[in-house]
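**Q** Residue numbers (this note's numbering), protein chains in the order written: chain A, 2 to 113; chain B, 81 to 192.
Don't read these hints as lab results, they were simulated from the structure. Some hints could be false.
Below 27 Å or equal to it, Euclidean Cα-Cα: the simulated BS3-like pairs (lysine-lysine) are [said to hold, decoys possible]:
id, chain 1, residue 1, chain 2, residue 2
1, B, Lys-137, A, Lys-3
2, A, Lys-71, B, Lys-95
3, A, Lys-110, A, Lys-57
4, A, Lys-43, B, Lys-137
Stretch-level coverage of chain A by chain B, calculated; a stretch enters the list once three of its residues show a Cβ under 8 Å from a Cβ in chain B [what the hints assert, rightly or not]:
id, stretch
5, 44-50
6, 100-111
Derived DEER-like restraints, expressed as beta-carbon distance ranges [unchecked claim]:
id, chain 1, residue 1, chain 2, residue 2, range
7, A, Glu-46, B, Gln-164, 28 to 38 Å
8, B, Gly-131, A, Glu-16, 18 to 28 Å
9, A, Glu-46, B, Ser-133, 21 to 31 Å
Computed from a predicted model, the values in this text were never measured in an experiment. Virtual Cβ for every residue (Gly too), placed ideally from N, Cα, C.
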Amino acid sequence: QKEVEQDPGPLSVPEGAIVSLNCTYSNSAFQYFMWYRQYSRKGPELLMYTYSSGNKEDGRFTAQVDKSSKYISLFIRDSQPSDSATYLCAIPLTGGGNKLTFGTGTQLKVEL
Amino acid sequence: GAGVSQSPSNKVTEKGKDVELRCDPISGHTALYWYRQSLGQGLEFLIYFQGNSAPDKSGLPSDRFSAERTGGSVSTLTIQRTQQEDSAVYLCASSPPGGIQYFGAGTRLSVL
Chain A
2 QKEVEQDPGP LSVPEGAIVS LNCTYSNSAF QYFMWYRQYS RKGPELLMYT YSSGNKEDGR
62 FTAQVDKSSK YISLFIRDSQ PSDSATYLCA IPLTGGGNKL TFGTGTQLKV EL
Chain B
81 GAGVSQSPSN KVTEKGKDVE LRCDPISGHT ALYWYRQSLG QGLEFLIYFQ GNSAPDKSGL
141 PSDRFSAERT GGSVSTLTIQ RTQQEDSAVY LCASSPPGGI QYFGAGTRLS VL
């Protein structure tokens, strides 16, 4: 079993839609959670991170963590064509060093 | 300031040849990471350097892979006797200790 599972998509939505991206993880010891965005032929860039269960909001983006279910989500409100990218959930591995384990990424396309 | 720089951006090589991939981290970042991104596999951790400490090589897939970091700055990832399954995008990231990882655009390696 992979440590982080993510539906690869692709996911296609109309402009203005609410997008829900999800990951599950296997290790209850994981402490905090990140979402990266990766545009085509670019490196991933950190979008959001959160330490605790509940919601964290940043503009049109909301990160949600449910530690009891080992489930993390990223919601995008009022999606824009510029949001078209691959979204990766990432979790620092236990054991130190801040090494990240990533989901496979969900490819999102927001259409006009 | 400049971000993480990787070179070359693309590399095509023949099976059995050795390749060297270079990473210039953000100035002042003491931590440097190498990841590999394969189609359908997501990002996989390869190796991690922190300051003058011994590197964490736990993610290297075989002894054909090695990396060094000179003077606490530039890093080179070397793949000896390349195989077709080594074809992937190799990403480098740097961070301050325990901080956010900033990624380069990667080197796209194709082994023919």
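**Q** Does each hint hold? Answer for all of them.
**A** Outcome of the hint check:
With a C-alpha separation of about 20 Å, the suggested pairing of Lys-137 of chain B with Lys-3 of chain A holds against the 27 Å cut-off. Of the supplied pair hints, the one linking Lys-71 of chain A and Lys-95 of chain B is violated, its CA atoms being roughly 42 Å apart against a limit of 27 Å. With a C-alpha separation of about 23 Å, the suggested pairing of Lys-110 of chain A with Lys-57 of chain A holds against the 27 Å cut-off. Only pairs whose Cα atoms come within 27 Å are accepted, and Lys-43 of chain A paired with Lys-137 of chain B is accepted, the gap being roughly 25 Å.
Coverage of the stretch 44-50 of chain A by chain B holds. Counting CB-CB distances below 8 Å, 5 residues qualify, and the rule asks for three or more. Interface restraint, the stretch 100-111 of chain A with chain B: holds (7 residues with C-beta to C-beta distance below 8 Å; minimum three). For the pair Glu-46 of chain A and Gln-164 of chain B, the supplied restraint of 28 to 38 Å holds, since their beta-carbon distance comes to about 30 Å. For the pair Gly-131 of chain B and Glu-16 of chain A, the supplied restraint of 18 to 28 Å is violated, since their beta-carbon distance comes to about 46 Å.
Distance hint for Glu-46 of chain A and Ser-133 of chain B: a CB-CB separation of about 27 Å, consistent with the stated range 21 to 31 Å.
Of the numbered hints listed earlier, those contradicted by the structure are 2, 8.
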